[in-house]
Amino acid sequence: MTAFFDILIGGVFHAAVLFLVAAGLQLVFGVQKIVNLACGSFYALGAYFGVSAVKWALGAGVPIPLFLPVLLASGVLVGLIGPAIEALLRTVYHRDEAFQLLLTFALVLMFQDVLRFFWGANPHELGNVSMEYGKVAIGAVQVPTYNVLVIAASIVIALGLGAFLQRTRFGRILRATAENREMSQALGVNVNWMYTVVFTLGTILGTVSGALVVPTAAASLDMPVELVVEAFAVVVIGGLGSMRGALAGALIVGLLRALAIRYYAELEMLAIYLVVIAVLIARPAGLLGKPIE
Amino acid sequence: MNKGRRKALKALGGAGAVLAAQPYLSFPAIAQSQPLRIGIISPRAGIAGTIGECGLRGTQFAVERINAAGGIAGRRIELIVEEETNPKDSIERLRKLVLQDKVDCVQGIVSSGVSLAMGPVAEEMKALTIFWDGTTQDGVKETMANPRYIFRSTDNECEAVMGSLLAIKHWKGKFKKIAGINPDYSYGRNNFAAFQALLKKFGVEHEIVADQWPKVGTLDLTSHVAALKAAKPDLVFSSLLFADLPIFMKTAHGAGLMEGGCKFVFPAAGFQHTALKKAFTPEGMIFGHNTLYFDHPKASALQKQFVQDYEAKFKDYPHWEADRAYFAMKVYQAGVEAAQKAKNAWPSQEDIINAMEGVKVESLGGPGHMRKDHIAEQTFYQGITTHKNRFDFPTLGEIDTMYSEQLQKPPGADFWKWIETAQIKL
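Protein sequence lines correspond, in order, to chains A and B. Numbering follows the working numbering, with no gaps: position 51 of the first sequence is 235. Numbering follows the working numbering, with no gaps: position 237 of the second sequence is 521.
Some hints here could point you the wrong way.
Stated by the list, open to error - 30 Å max Cα-Cα, derived DSSO-like pairs, lysine-lysine: (1) B:644 x B:386; (2) B:672 x A:319; (3) B:499 x A:239; (4) A:319 x B:499; (5) A:319 x B:562.
Claimed, not checked - Coverage of chain B stretches by chain A, computed from C-beta distances (three or more under 8 Å per stretch; other residues unrestricted): (6) 341–349; (7) 378–391; (8) 538–550.
What the hints assert, rightly or not - In silico negatives: residues of chain A with every beta carbon more than 12 Å from chain B: (9) 187; (10) 272; (11) 318; (12) 319; (13) 325; (14) 403; (15) 411; (16) 462.
Hints are computed from structural coordinates only; laboratory data are not their basis. In this text, a Cβ means the ideal position worked out from N, Cα and C, and glycines have one as well.
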C-alpha cells in the first residue's frame, strides 16, 4: 500500500507540474487561438529568474523560509515581459497557423540564447531550500512539504482560473471574445487590450510555475523543449483551449507515467503517446475540448 | 591525343590534386613562424554544457602555461573554439576547422553519439583529432577500429568498473537486492551491465529488483524514486551524471530513500560534485571523481595550482573533464616536441602521430599515457563520501586510486569478454 501511495504521489506531483505549464498554453490558445510553443520558455525564464532572486534574497539576509514568497514575486515580475512578446505575436494573428508556430518556435530558440547569455550553460538550482519546510507523512509515505505545496498551488491556480473565467465580468468578456472576436469588438470590447492582458496572464502563469517548481528540480537550457513536448500531450488528451481538459490531461499523463515507470520503465513514453493517438482517433478535439466541426 | 597535350593535362591534373589536397598538407617552412592552431569542439550549452565548459577551462589553463613557456616547440598555441551539438552539425564544424581554419589538431567532444559519428569523418579527412571523452563501448570498435588519426580517452565504462569493484570490496555480503537508475543511452546501459557482469564474476549473489532508465535531462524524477523505493533495494547503482543527478539526490532524500541503510554507488557523480549538497547527499556512498579529484590531499603541485586558479577565477571546483582536456593538450605537445626533436625540423602530421603513440604525460589528476592503439590510460579516483570538510558538498573520506590499465580492456580485446576473463584484483 505504501508503494502505491508513493507512486500515486509521484504521479500527482508530475501532473501538477504539467498542469502549470499547460495552463498558460491553454489560456492563450483559448482566447487568442495562438499555439504558443514559447510557453516552455516562459517556464524556464521563471525558473532561472527564481533561482537568481532567491539567491539574491538569501544573500541579502532574507530568512530561508521566506524563499517561497520571493519565488512567487519573482515569477510575477519576470512575467511582465508578456506585453512585449504579445506585441511581437500581433504581427501574425491573421496569418496561417504555420507562421504562428514558426514565430513561437523562433522565440523558444531565442530565449535559449537569452538564458545562456544571462545565466550561462550550466544548470542552476537552489540546493536544499525545498527541504526547508520539512516533510509530511501521508500514511506511511513521506512527502516533502514543498511538493505538497506545489500540488496545492496547482489546485489553487486551477480553481482560481476557473472562478476568474466563470464568475468575473472580465472573465465573461474574455470568454465572449474567445467565442466571437468580431462581435465582441462590435460591442465595444477593446480586443487588443484583452489580448495583451490574456497573454500577460498566460506568461505569468508560465513564469510563476517555473519559479515555483525550480526548488525541486533545476533550471536548465533544455527545459523549455523537454516540458513543452509533454505539455502538448496534455493538451491533446485534454482538449486544446480547455482548462478542465488541461487538468484531466495532466492527471492522465502524470499517473500513466508513474505507473509505467514502476511496472515497465521502457513504456514510460509509449504509454502516454498511445493514449494521445487513441484520443486523436476517437475524439480529435480531446476529452474535454469542443468537438471539431 | 598527342604527347604534349597529355603531358599538359597530366601537369594540370597534378596541380589540381595538390590544390585539392592543400588543406590537409603542412608546409613546414611557412608554418613554423605561425601559431599552432588548435580547434576545440565542446558543448557550451544544454545538458553537457557544464562538462564542456569545465573541459575548455582545462584547455585554457594548459594553453596559458604552454604559451608562457614559449609554446609547443617554439610555436604559440591559438585556439579556435566551436560548439559541440548534434553529430551532424558537430561534423560540419570539424570540416570547418580543418578545411577553413586549417587547424593543426582538433580536440574535444564529450558525447559518444558525436564521437562515434565524427570518428570515421576525421579519419577520412586525415585530421589529427584527440577526443576528451565520448567513448562508450557500443559502436567504438566498429566506427573507430584501428584509427590512425584519432586518439581517444579511456573507455567510458572505466568508472563503472571501478565503482563496481569498490562496491564488491567494501560491501560484499552486505547487499543482495539491487536497483539501478541510469541514463537511458548506451553509457547508462553499459555501466549497469558492467556492474552486473562484475558481480557475477566475483560470485556476488544478487537480485535486480528495479531498473530505471530516465532519459537524460529529466527534471522530475519523483516517480522514478517512488519506483525504486517500492522495490526496497539494499543497494542503488546509478551513473546519472548531468543535472539529473542533483535532482535525483534531492528527490531521493525527500522521499526517504536514503534512510534505512540502503547503499549507493555513483561512479560518475564527480561531474556534479559541487551541486550535490551535504543536506541531501549522504556520507558513506561510493562516489566517482574519475581522473581528477580536486581535493586530493596528495595532489601534485600542478593540480593544486590548477584548483587554486580555478577557484579564484570561477568560484567553483573543477571536475574530470578539465583533466581530460588538459591531458589531450599535453599528449599533443609531447608528440610534437618528441617528433621535432627526433627530426630536428618541424615534423609532419604523420611524425607527430607516430610520436604520440606511447607518449607519457603528467596530467592534472596524475600520470597517464597514450597507448599505441590510440587509447588513453589515466589515473582514476573514487572513494567513500564524507561530510567532514570545509565545503557544502561531500568529498572523499577514503580515496581509492587505480590506473586505468586495471579498468579497461587491453588493446584489441572485447570489453565484455575482457570482464569475463581478466585477472582483476579488488
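Going down the list of hints, with the structure as the test:
1. B:644 x B:386: Satisfied, since the Cα-Cα distance of roughly 27 Å is no more than 30 Å.
2. B:672 x A:319: holds, 26 Å
3. B:499 x A:239: Given that 30 Å is the threshold and the Cα spacing comes to 29 Å, the pair holds.
4. A:319 x B:499: Holds - the C-alpha atoms of residue 499 (chain B) and residue 319 (chain A) are around 28 Å apart, at most 30 Å.
5. A:319 x B:562: holds, 18 Å
6. 341–349: As far as the segment 341–349 of chain B goes, the hint is violated, because 0 residues have Cβ atoms under 8 Å from chain A.
7. 378–391: violated (count 0)
8. 538–550: Holds, because 3 residues of the segment 538–550 of chain B bring their Cβ atoms closer than 8 Å to Cβ atoms of chain A.
9. 187: violated, 3 Å
10. 272: holds, 23 Å
11. 318: Violated, since 10 Å does not exceed 12 Å.
12. 319: violated, 7 Å
13. 325: violated, 8 Å
14. 403: violated, 9 Å
15. 411: The claim breaks: residue 411 (chain A) does not keep its Cβ more than 12 Å from every Cβ of chain B (closest is about 8 Å).
16. 462: holds, 22 Å
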